Amino acid sequence: MLKSYLRLFLKGVAMGAADVVPGVSGGTIAFITGIYEELISSISAINIHAVKLLFSGQFKNAWTYINGKFLAVLFAGVFTSIMTLASLLTYLLEHFPIVVWSFFFGLVTASIWLVGRTVREWNVITILSLTIGAIIAYVITILPASDGASEPWYLILCGALAICAMILPGISGSFILLLLGAYSTVLAAVSDRELSTIMYVGIGAVLGLVFFTKALKWIFLNYYNTTIAMLSGFLLGSLNKLWPWKEIITFFTKHEGTPKEEIVAITSTNLSPGPEWPVALLCACAGGLLVLLLERFGKRERE
824 MLKSYLRLFL
834 KGVAMGAADV
844 VPGVSGGTIA
854 FITGIYEELI
864 SSISAINIHA
874 VKLLFSGQFK
884 NAWTYINGKF
894 LAVLFAGVFT
904 SIMTLASLLT
914 YLLEHFPIVV
924 WSFFFGLVTA
934 SIWLVGRTVR
944 EWNVITILSL
954 TIGAIIAYVI
964 TILPASDGAS
974 EPWYLILCGA
984 LAICAMILPG
994 ISGSFILLLL
1004 GAYSTVLAAV
1014 SDRELSTIMY
1024 VGIGAVLGLV
1034 FFTKALKWIF
1044 LNYYNTTIAM
1054 LSGFLLGSLN
1064 KLWPWKEIIT
1074 FFTKHEGTPK
1084 EEIVAITSTN
1094 LSPGPEWPVA
1104 LLCACAGGLL
1114 VLLLERFGKR
1124 ERE
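Residue 824 is where the sequence shown starts when you use the numbering used here, and the numbers rise one by one after that.
Think of the hints as simulated: they come from the structure by calculation, not from any bench. Just so we're clear, the structure is a prediction, and the values are computed from it rather than from any experiment.
DSS-like mimics (lysine-lysine), calculated; alpha carbons at most 30 Å apart, straight line:
hint	residue 1	residue 2
1	K826	K883
2	K883	K1040
3	K1037	K875
4	K826	K1040
5	K826	K892
6	K1037	K892
7	K1037	K883
8	K1040	K892
9	K875	K892
10	K875	K1040
Label pairs and their calculated CB-CB ranges:
hint	residue 1	residue 2	range
11	K883	V947	46 to 52 Å
12	L1105	L1044	38 to 44 Å
13	L825	E1070	46 to 52 Å
14	V1033	E917	31 to 37 Å
Built from N, CA and C at the ideal position, the CB exists for glycine as well.
Go ahead and model the full structure; you've got the sequences and the hints to work with.
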């Protein structure tokens, strides 16, 4: 029992690490490790009935109803990862961008195949869904970033939209935060333990998570093939954001003249591979191999 909880916690850690990086989704990790549908089902169980059980004093029944142990252990891993890895990943992205982006490019590329092969039947509808998903994700990656705001209502909105993206394989919650101009604000809040900012984003995340997963569960139950095909498309389209070699076209400076001064890209363009391509290729292969190992690990658990 303890061993299974440890494995679940580590899956949460992997999800949290993925969610910190713009362009990578924790939902992708949940899918390839075999816990995605249980995650969606468990979160969607947080409803009126669960609240009634809670307020009537039936705490144990409410905990069982929402699959509380599963959610608690998984999200403990997610939050532990975000709180501990945010600063490290920020440092790595700043000093070794080619290495980091190459690793995640390989990770997502392998995920496209793993997610796509779970489609039970490929036909005109599923191919169209994949195409639409790829176009949507690609368009999101080329949208210009915003300089954002730090008002409570805006942070709550950012949290809600980001969590909806995080739960979908292929759509990065961190990248949504980047587009909304809140990524550096949230990352700095996590690193510096600014509890008020974390609280507002957290409120939005909880609201978005509870309401969005209900719709997603219904879609999964009624349109499984179409949904998985579209998620595969999301992954395919997101590769544009993860391409390691980029040139910044326009940018803005946040917190100018302060120790937290930061240059944020508004628009950028992809470049041809540079002289670091052998290292980048190795990192991409490492990312792809990690996904295959995670999938094999998840498959063995399901069996």
